[in-house]
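J.: Which chain is which? The protein sequence lines are D and L, in order. Per this note's numbering, the very first residue in the first sequence carries number 1; after that it's consecutive. Per this note's numbering, the very first residue in the second sequence carries number 284; after that it's consecutive.
If you are wondering where the hints come from, they were derived from the structure by calculation, not from laboratory data. Beta carbons: idealized from backbone N, C-alpha and C, even for Gly. A few of these clues could be false.
What the hints assert, rightly or not - Facing chain L, a subset of chain D residues (Cβ under 10 Å, in silico):
{"no.": "1", "residue": "Thr32"}
{"no.": "2", "residue": "Ser104"}
{"no.": "3", "residue": "Ser123"}
{"no.": "4", "residue": "Met160"}
{"no.": "5", "residue": "Ile162"}
{"no.": "6", "residue": "Ile209"}
{"no.": "7", "residue": "Met259"}
{"no.": "8", "residue": "Lys271"}
To be verified - Calculated lysine-lysine pairs in the BS3-like style (CA-CA distance at most 27 Å, straight line):
{"no.": "9", "chain 1": "D", "residue 1": "Lys109", "chain 2": "L", "residue 2": "Lys486"}
{"no.": "10", "chain 1": "L", "residue 1": "Lys460", "chain 2": "D", "residue 2": "Lys175"}
{"no.": "11", "chain 1": "L", "residue 1": "Lys460", "chain 2": "D", "residue 2": "Lys18"}
{"no.": "12", "chain 1": "L", "residue 1": "Lys486", "chain 2": "D", "residue 2": "Lys175"}
{"no.": "13", "chain 1": "D", "residue 1": "Lys201", "chain 2": "L", "residue 2": "Lys297"}
{"no.": "14", "chain 1": "D", "residue 1": "Lys175", "chain 2": "L", "residue 2": "Lys297"}
{"no.": "15", "chain 1": "L", "residue 1": "Lys460", "chain 2": "L", "residue 2": "Lys387"}
{"no.": "16", "chain 1": "L", "residue 1": "Lys456", "chain 2": "D", "residue 2": "Lys201"}
{"no.": "17", "chain 1": "D", "residue 1": "Lys271", "chain 2": "L", "residue 2": "Lys387"}
{"no.": "18", "chain 1": "L", "residue 1": "Lys387", "chain 2": "D", "residue 2": "Lys11"}
{"no.": "19", "chain 1": "L", "residue 1": "Lys456", "chain 2": "L", "residue 2": "Lys388"}
{"no.": "20", "chain 1": "D", "residue 1": "Lys201", "chain 2": "D", "residue 2": "Lys175"}
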Amino acid sequence: MNIFDNALFQKSIYAFLKYGVLAFLILFAMTTIFPFVYSIVLSTHDQEGISSLGVSMGLGIDLVENYNELLQRTAFWTGITNSAIIAILGTVISIFFCSMCGYSLAVYKFKGRNVIFGIMLLSMMIPPVLSLIPYFLIVDMLGLMNTHFAVWVPFTIAPMGIFLVRQYVVASIPKDLLEAAKLDGAGEFRIYSTIVMPLLKPSLATLAIIQFVFLWNNFLQPLVILEGDKAVIITMIRSMQGTPDAPMGAIILGSFLSMLPLILVFVVSSKQMISGLTSGAVK
Amino acid sequence: MHKLDKTNQSSAYKFLVPFLIAFLLVNLFPYLTSFYVSFQYWSLYTPFIGENIEFVKAENYLLIYDERGFFASLLNVLLFLVFSVFIIHSLALLFAKLISISAKKTQGIILIAFIVPFVVNTNATNVGLIEMGLFIFYDPINDGVILKSISESISISYQFVGFFTLIYYMVLKSVPKNIIEAAQLDGASIARVFLSIELPHLKRMIVMMLVLSMIMMMQSARGFVDIINVFFRVGDMGLASAFSWTFIFLVLVFIMTVLLILKYRLLKSRLVKYKRVNKKEVL
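Same shape as in the complex, but just chain L (with noise of 0.2 Å):
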C-alpha cells in the first residue's frame, strides 16, 4: 500500500507539469513582477529597463490614500459583490425551482435560453446591456455609490444567473424522489418540501456556488477597472500596481471572512461527521 502511494504522488506531479509550468509564466511572474514594480517609479512609456525604474519605497502605497477615487471604488466594489451574490444566488435559486415545477416539455428549451447570456457574452450585447441598464437605474450625476452599485450589479448578475440557475435545476433533481414522495404522501406542499428538503440537500452545493459566484464577480467588477484605467492614461505604474494590490488584498480580506463564517455556520455538522470518519477528507 505504502509503495502504490508513493507512485500516486509522482504521477500526481506528472499530470500537474502543465499547469505549473503555465501558472510560473502567466500568474506567478506577473505578479511578483507587479509587486516590485509597485515599489518603483517607472512609467509606461519607456522600456523596462535599469535607468528608467527608480526604487521610491513605500511611496506609492503612502499616495493612493490621498487619491479620492480610492475609498469610493472600493465600497463599490464591496457593494458590488454583495448585491450581485445577493441577487444571483436567491433568483437562481427561484428560477431553478420554478423550471422544475414547470411543464416537462419546455424545461430544456427554457433552461438553454437562460444560460444564452452566460455562454455568448460577447462585447456587443454586453456592453449594450450594461449600459442600458446603467441608465435605467443610474444617474452618473446625482445618484451615490450604492445606487452605482446597485445598478451594476443588476446588470452584470443578469449574464450569471443563467449559469446558476442550470446548476441549481441540476441539484434539485438529484434530490432522491422517494423522500420528496413519503413527504407528499404525508401532506407537505410544494413549498415545504423546497424549504424543509430540497434546500438542506441544496446546502453544501450553494456554498461552492458563492465561492464560484464570488470569484466571477471579482473578475467582472468595474469599480476596479474604472480606477485602474486612470493610472494607466498617466502611465505611472508604480502607482497602478500599488494601488492594485492594496485593492486586491483587502477584497480578498473581505471575501475570504465572509466564506470562512460561511463555511462554519453552514458546515459545520457535516464537518463533525467527516472529522469522525475520515480525518484527512478535505472539502
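Pulled out of the complex, with its shape left as it was, chain D reads as follows (with noise of 0.2 Å):
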C-alpha cells in the first residue's frame, strides 16, 4: 500500500494544504507588492531619513517638499503626457495589426507561412540592443528626428503580441464558424473584423496590457531619440538619477508616480486579463 494512497495521511494533506499553501502562496504574493508599498513610504521621506531609514516603514513628512523638487528639477507632467501618448498610440494600433497577422498566420494556409512564423521567433530573439544604430541612422534618415512617431510605429508589430493572438485563434476559435460565414457570403476581410475580433477581445486585452507597459517601460528608444520637451518619463527620472546631488525622495515619487497609470492599467483589467486568459486559451 502506498503512503500516498493512506486515508488519514490524505486528510492530513488536506488540513496542511488548506493553510500552509495559502500562507506560503500569500507571502510570496506579499514580495511582488512590496516594492510599491515601500516606494511610497521612502517618498515621504528627505535624503537624510532615506539613508538611514532601513526596512523600516515609517511614513515621513517631507511628501510635498519632494514633489516640489520633482517639479523643479524635471517637466514631470510634459514628460508623463508625452509617454501617455507614446503608449496609447502604440498600444491602440498595435491590436489592429497584431491580431490581422496573428489571425492570417492562424487561418490560412498559404505558402510562406512557416518560414513567416519562423522568422518572427528568431526575430523575437535577437537582442534589441543589436539594431539600435541601424534604427537611429533609418529615423536620422526619415527625418524622423525627436518625433514620437519615431517610437511608438516600430513596436506596433510586436512579434509577442502576434505569437498571442495566433495560439489564441488556434485553440479558441472554430474553423466551423469562419466557414459558415464565408458561406453566407461575407469576405474575408469582413469574417476577420465582425467575427475574429469580438472574439478575440479577452486575448486582446492581454496583448494590450502588455504593449501598454512595454511602451511606458520603454527607454532604449526614447533615450536615443527624444530629448527636451519631447523626452518621456523614463528618460527625465533616470537623467535626474545622473545628477550629483541626485534628490532620492523626488526621484523615487517620479518613479512611484510613474508607475501609477501601470498600476491603474493593471488594476482596472487584471480581472479581464485573468478570465480571457483561463476562458479557452488552451485547447
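Take each chain as given, in its own frame, and dock them per the hints.
T.: Written as C-alpha cells, this is what we have:
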C-alpha cells in the first residue's frame, strides 16, 4: 500500500494544504507588492531620512517638499503626457496589426507561412541592442528625429503579440464558424472584423496590457531619439538619477508616480486579463 | 475548393502586409546593416558615410577571440538561460498546482498579485530588485561566472515566474474533471493525479512555454549587454557588430539544439499521430 493512498495521510495533507500553502502563497504574493508600498514610504522622506531608514515602514513628512523638488528639476507632467501619447497610440494600433497578423498565421494555409513564423520567432530572440544603431540611422534618414512617431511605430508589430493572438485563434476559434460566415457570403476582411475580433477580446486585452506596459517602460529608443520637451518620463527620471546631488526622495516619488498609470491599467484590467486567459486559450 | 484556397492565399498576404513592412524596416534592414558594418571599421562618432567606413575583411571576427570577456560572457549567458528556464518552469508548475488546490476564494487575488512583477516591471522596481538579488547571492570580486549566472537568473526569474504560473494554472484548469474524479475514486492522491494525469496533459504547453521563456530570457540576458556596452563606449561599431553576430549565432545554435531534442523527446508520440491523420498539420 502506497503511503500517498492512505486515507489519514490524505486528510492531514489536505489540512496542511489549506493553511500552509495559502500562507506560503500569500507570502510570495506579498513580495510582489512590497516594492510599491516601500516606494510610497520612501517618497515621504528627505535625503537623510532615506539613507537612515533601513527597512522600517514609518512615514515621513516631506512628501510635498519632494513633489516641489521633482517639479523644479524636471518637466514632470510634460513627460507623463508624452509617455501617455506614445503608449496609447502604440497600443491601439498594435492591437489592430497584431491581431491581423496572428489571425492570418493561424487560419490560412499559404506558401511561406512556416517561414514567416520562423523568422518571427528568430527576430524575437535577437536582443534589441543590436538594432539600435541602424534604427537610429533609419530615423535620421527619414527625418523623424525627436518625434513621437518614430518611437511607437516600430513596436506596433510585436512578434510576441502576434504569437499570442495566433495561439489564441488556433485554440479557441472554431473553423466551422469561419466557414459558415464564408458560406453566408462574408468577405475575408469582414469575417475578421465582425466575427473574429469580438471573439479575440480576451487575448487582445492581454496584448493591450503587455504593449502598454512595454511602450510606457521603453527606455532605449526614447533615450536615443527624444530630447527636450518631447522626452518621456522614464528617461527624465533616469537623467535625474545621473546628477551629482540627486534628490532621492524626489526620484522615488517620480518613479512611483510614473508607475501609477501602469498600476491603474493593471488593476482595472487584471480580472479581464486573467479570465481571458483562463476561458479558452488552451485546447 | 481549389478556388477558395487561392482567395485564401491572397487575403492571407493582405493581412500580413503591416507585419512585412515593419519587418523590413525594423528588423531586416537594421540587421543587414549591422551585418555589413561587422566587416568594416566605423566609429560611432563619425557620420555613417563612405569615407568614414573602411573595409577590414573578417578582422573584427578574429579580434573578438582575443577579447578576454568573450568566452566568459558566452558561458554566462548560456548558464543564465539554462538556470533561469529551469527555475521559472519548476517554480511555475509548483505554484500553479499549489494555487489550484488552495482555497477557491483567494485564487484570483493571489494570481493577480503573482503577475504584478511581470506586468508592472518598471525600471524603478526592477533595477532595484535585480541589484538587491545580485548583492545577496553574489560577490562580484570573489565569485566566478557560475555564481554570477545563478544570481542573475534568480533575480530575473522572479519577474517571469508569475506569468508562467498563470499559464500553467489555466492549463491545469482545462484538464477534464471527470478523468481526475475517476482517478480519485480509484484512490489516487494529489501527487499521483499531478504526476500521471495533469503533467502529461501539460506536456505540449510546457514545450511551447519553454520556447517562449527562452525568447524572453534572451532579451533580458545581462552578460550580453554588459560586453556590448564596452564597445559602445569605445565607439568601434564594427567590432561591436561582429561580436553580437558571433554571440547570437552561438546562442541560437545552443537553443535550437535544445529545442530539437525536446521536440523529438517529448512530442514524438504526438508527431507520429499527427502524421497519420494529416500530413500537413504543423506544431
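J.: Evaluate each hint against the coordinates.
T.: Against the structure, the hints:
no.	hint	verdict
1	Thr32	holds, 4 Å
2	Ser104	holds, 4 Å
3	Ser123	holds, 5 Å
4	Met160	holds, 8 Å
5	Ile162	holds, 7 Å
6	Ile209	holds, 6 Å
7	Met259	holds, 5 Å
8	Lys271	holds, 7 Å
9	Lys109/D with Lys486/L	holds, 26 Å
10	Lys460/L with Lys175/D	holds, 26 Å
11	Lys460/L with Lys18/D	holds, 21 Å
12	Lys486/L with Lys175/D	holds, 25 Å
13	Lys201/D with Lys297/L	holds, 22 Å
14	Lys175/D with Lys297/L	holds, 20 Å
15	Lys460/L with Lys387/L	holds, 16 Å
16	Lys456/L with Lys201/D	holds, 20 Å
17	Lys271/D with Lys387/L	holds, 15 Å
18	Lys387/L with Lys11/D	holds, 18 Å
19	Lys456/L with Lys388/L	holds, 15 Å
20	Lys201/D with Lys175/D	holds, 17 Å
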